[in-house]
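Protein chains: 2
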Amino acid sequence: MGGDKAPDMVIAGCDTAQERHPNVEFLLFGDEARLNPLIAQTRYLKKAARVVHTAEFVSGDAKPAVALRSGRKSSMRLAIDAVRDGEAAGIVSAGNTGALMAMAKFVLKTLPGIDRPAIASLFPTTRGESVMLDLGANVQCDTNNLVQFAIMGEVFARAVLGLSQPSVGLLNVGSEEMKGHEELRAAAAWLRETHLPIRFHGFVEGDDVPAGTVDVVVTDGFTGNIALKIAEGTSKLYSGFLRGAFASSIFAKIGYLLAKSAINKVRLRTDPRRYNGAMLVGLNGIVVKSHGGTDALGFANALGVAIDMISHRLNDKIRDELAHLAPPPANDAVTT
Amino acid sequence: MGGDKAPDMVIAGCDTAQERHPNVEFLLFGDEARLNPLIAQTRYLKKAARVVHTAEFVSGDAKPAVALRSGRKSSMRLAIDAVRDGEAAGIVSAGNTGALMAMAKFVLKTLPGIDRPAIASLFPTTRGESVMLDLGANVQCDTNNLVQFAIMGEVFARAVLGLSQPSVGLLNVGSEEMKGHEELRAAAAWLRETHLPIRFHGFVEGDDVPAGTVDVVVTDGFTGNIALKIAEGTSKLYSGFLRGAFASSIFAKIGYLLAKSAINKVRLRTDPRRYNGAMLVGLNGIVVKSHGGTDALGFANALGVAIDMISHRLNDKIRDELAHLAPPPANDAVTT
Numbered sequence: 001m002g003g004d005k006a007p008d009m010v011i012a013g014c015d016t017a018q019e020r021h022p023n024v025e026f027l028l029f030g031d032e033a034r035l036n037p038l039i040a041q042t043r044y045l046k047k048a049a050r051v052v053h054t055a056e057f058v059s060g061d062a063k064p065a066v067a068l069r070s071g072r073k074s075s076m077r078l079a080i081d082a083v084r085d086g087e088a089a090g091i092v093s094a095g096n097t098g099a100l101m102a103m104a105k106f107v108l109k110t111l112p113g114i115d116r117p118a119i120a121s122l123f124p125t126t127r128g129e130s131v132m133l134d135l136g137a138n139v140q141c142d143t144n145n146l147v148q149f150a151i152m153g154e155v156f157a158r159a160v161l162g163l164s165q166p167s168v169g170l171l172n173v174g175s176e177e178m179k180g181h182e183e184l185r186a187a188a189a190w191l192r193e194t195h196l197p198i199r200f201h202g203f204v205e206g207d208d209v210p211a212g213t214v215d216v217v218v219t220d221g222f223t224g225n226i227a228l229k230i231a232e233g234t235s236k237l238y239s240g241f242l243r244g245a246f247a248s249s250i251f252a253k254i255g256y257l258l259a260k261s262a263i264n265k266v267r268l269r270t271d272p273r274r275y276n277g278a279m280l281v282g283l284n285g286i287v288v289k290s291h292g293g294t295d296a297l298g299f300a301n302a303l304g305v306a307i308d309m310i311s312h313r314l315n316d317k318i319r320d321e322l323a324h325l326a327p328p329p330a331n332d333a334v335t336t
Numbered sequence: 001m002g003g004d005k006a007p008d009m010v011i012a013g014c015d016t017a018q019e020r021h022p023n024v025e026f027l028l029f030g031d032e033a034r035l036n037p038l039i040a041q042t043r044y045l046k047k048a049a050r051v052v053h054t055a056e057f058v059s060g061d062a063k064p065a066v067a068l069r070s071g072r073k074s075s076m077r078l079a080i081d082a083v084r085d086g087e088a089a090g091i092v093s094a095g096n097t098g099a100l101m102a103m104a105k106f107v108l109k110t111l112p113g114i115d116r117p118a119i120a121s122l123f124p125t126t127r128g129e130s131v132m133l134d135l136g137a138n139v140q141c142d143t144n145n146l147v148q149f150a151i152m153g154e155v156f157a158r159a160v161l162g163l164s165q166p167s168v169g170l171l172n173v174g175s176e177e178m179k180g181h182e183e184l185r186a187a188a189a190w191l192r193e194t195h196l197p198i199r200f201h202g203f204v205e206g207d208d209v210p211a212g213t214v215d216v217v218v219t220d221g222f223t224g225n226i227a228l229k230i231a232e233g234t235s236k237l238y239s240g241f242l243r244g245a246f247a248s249s250i251f252a253k254i255g256y257l258l259a260k261s262a263i264n265k266v267r268l269r270t271d272p273r274r275y276n277g278a279m280l281v282g283l284n285g286i287v288v289k290s291h292g293g294t295d296a297l298g299f300a301n302a303l304g305v306a307i308d309m310i311s312h313r314l315n316d317k318i319r320d321e322l323a324h325l326a327p328p329p330a331n332d333a334v335t336t
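Those sequence lines, one after another, are chains U and V.
Using our numbering, you'd call the opening residue of the first sequence number 1 and step up by one each time.
Using our numbering, you'd call the opening residue of the second sequence number 1 and step up by one each time.
These are computed hints drawn from the structure, not numbers from a lab.
Wrong hints could be hidden among the right ones.
Intra- or inter-copy, both count: the list cannot distinguish identical chains.
Unchecked claim - In silico DSS-like links for lysine-lysine, alpha-carbon gap of 30 Å or less:
| hint | residue 1 | residue 2 |
| --- | --- | --- |
| 1 | Lys253 | Lys265 |
| 2 | Lys265 | Lys63 |
| 3 | Lys253 | Lys179 |
| 4 | Lys179 | Lys5 |
| 5 | Lys236 | Lys265 |
| 6 | Lys109 | Lys63 |
| 7 | Lys105 | Lys179 |
| 8 | Lys105 | Lys317 |
| 9 | Lys73 | Lys47 |
Source: prediction; values computed, not measured.
Next up, chain U with everything else stripped away, as it sits in the complex:
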């Protein structure tokens, strides 16, 4: 029931995802009077969908704490409960982000060895795409959090992106060992010493993110959230200036018409939102947040992200990896 164009967009997105992944079945939580007629009109979904009725849903502007307290019968909460109870392998929602995070944390709990979940997403780079986390789940992060994010990001890049030896970098204001604050330096020392098969690159700077210097960029949720939004905004700024430039002369206008399809591809390619699917990693269950303003295709992509995470057994692999994490090097003070 979440998202600007829900539930129509959600149903259409599930239909597309079902076409792409014929083995997947869908549990749809919400108002059956609205969902059933939409499902009946689909081509693929109708054979693989079951509706769990509830009249309640979490509104887009509900405060997370309020949703947590009073939304126990909401479609979002019931869907998360289904993941906890093993009825569903994962949840995708285009609804209220804060409520989804709060409910998912409360109901699913974190994986063993993970103190806090992180929001991860893919970032466009000159080399393709990188995973970046945390993008806003945790405003302040200690050394343990950063090391755990690094491990989760690395496993994600291996399991879902299919990279055999992804490189991992910690976002900082310089690449030298003494740069940045204490938590970062301690996390770097730990990652350098760990016996896990992690390919730790060291510190990376802001421009290394779009350059694709590493496959996994690890940062705290404050910096990550601002970095993501600065990138989105800069991409939009560039598009806007470009539109203005193409309208500035008759030659430029004709030039635009000729190059239009190529330019539109660039616009899509540089938009970090195109992937549409922020993963909440580190919980006992797969949770993907689709953007609220997405269309059916975007929602299908978010479903695809969840399906990938499930079929590659992301959480099992994170669990395995964490079981082998050695404690931090004794000679480095690790802030907790």
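Chain V: place on chain U using the hints.
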């Protein structure tokens, strides 16, 4: 003597700046055997330049602490000393940033009421340009620092950009009052209550920076440095994709030729480096850092920034404003 193409680029830049600002005189610190022949070839500078000879200079990779200790006769240090002694109104350098900051802080000291200087620069936005600070001088900032940065940024926007009532925002992960960490919330509470003529907008998010939501964006040096480099990198990513797109078909190639000059303007306009001049604000003296890789025109722009700051009496205005800053609201815990 600092910068990749120094001293030739520096002398040529001074010549251009002297043409633009005929009343300005230049003190040039460095090796006179190299500087004098270059100055003799200039059209405008030769009438307004004096060389202060020194054979020593700070190398680009020198550690700040080392430069501070052993670079007392370096061209950079002598130039800063000249500002302290009132022989020069300000210094512009394309040399080692860390050394410049360390030396300038040590020699010039901060303005009364300023605990730490900040690096400020202009950021391209859909509405024109905004001032952003701190861009990397202080990895960790407390509430006092953030409030002082806000005041300095506001005065800069008024004095140098000529805005009559610039708006000021604090960079955060959301616009609601309870968002972000304690230092930010306390700074916001203080700025909301202050009796200075500051137009405090509240919190802004990452995408508000390129959108130009406020004229002055205040943040800590860690976040600011990463934000700046993410924006630069994203702009470069977009340009790179665009180049690829225009080469992708014969139509796109012709389109490019027709729209070329318009597109190049966009490339320049979205590059935060185009302003070429990071201001070190909050010191008893005007200090501007030009990019090391700049050309003569870029160096002339950096000189223009310094000349603007001096002629608009930026530091006098910051001093006045700070003298009227009331203490933080008593009911809010301010982290110091």
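These are the hints, each one checked on the structure:
1. For a Cα distance limit of 30 Å, the shortest separation of Lys253 from Lys265 qualifies both inside one copy, at 18 Å, and across copies, at 15 Å.
2. Proximity of Lys265 and Lys63 under a CA criterion of 30 Å is satisfied in neither setting, with 37 Å inside one chain copy and 44 Å between copies.
3. When the C-alpha separation of Lys253 and Lys179 is checked against a cutoff of 30 Å, the pair qualifies neither within a copy, at 48 Å, nor between copies, at 44 Å.
4. Taking identical chains as interchangeable, the C-alpha atoms of Lys179 and Lys5 lie at most 30 Å apart only when they sit on different chains, with a minimum of 27 Å there against 45 Å within one chain.
5. For the identical chains of this complex, Lys236 and Lys265 are neighbours both inside a copy (14 Å) and across copies (16 Å), given an alpha-carbon limit of 30 Å.
6. Taking the closest pair of Cα atoms, Lys109 and Lys63 come within 30 Å of each other only inside a single copy of the chain (20 Å); across copies the shortest separation is 46 Å, beyond that limit.
7. Taking identical chains as interchangeable, the C-alpha atoms of Lys105 and Lys179 lie at most 30 Å apart only when they sit on different chains, with a minimum of 19 Å there against 33 Å within one chain.
8. Only within a single protomer do Lys105 and Lys317 lie at most 30 Å apart by alpha-carbon distance; the minimum there is 20 Å, versus 50 Å between protomers.
9. For the identical chains of this complex, Lys73 and Lys47 are intra-copy neighbours only, at 26 Å inside a copy versus 82 Å across copies, given an alpha-carbon limit of 30 Å.
In terms of the numbered hints stated before, the structure departs from hints 2 and 3, listed from lowest to highest.
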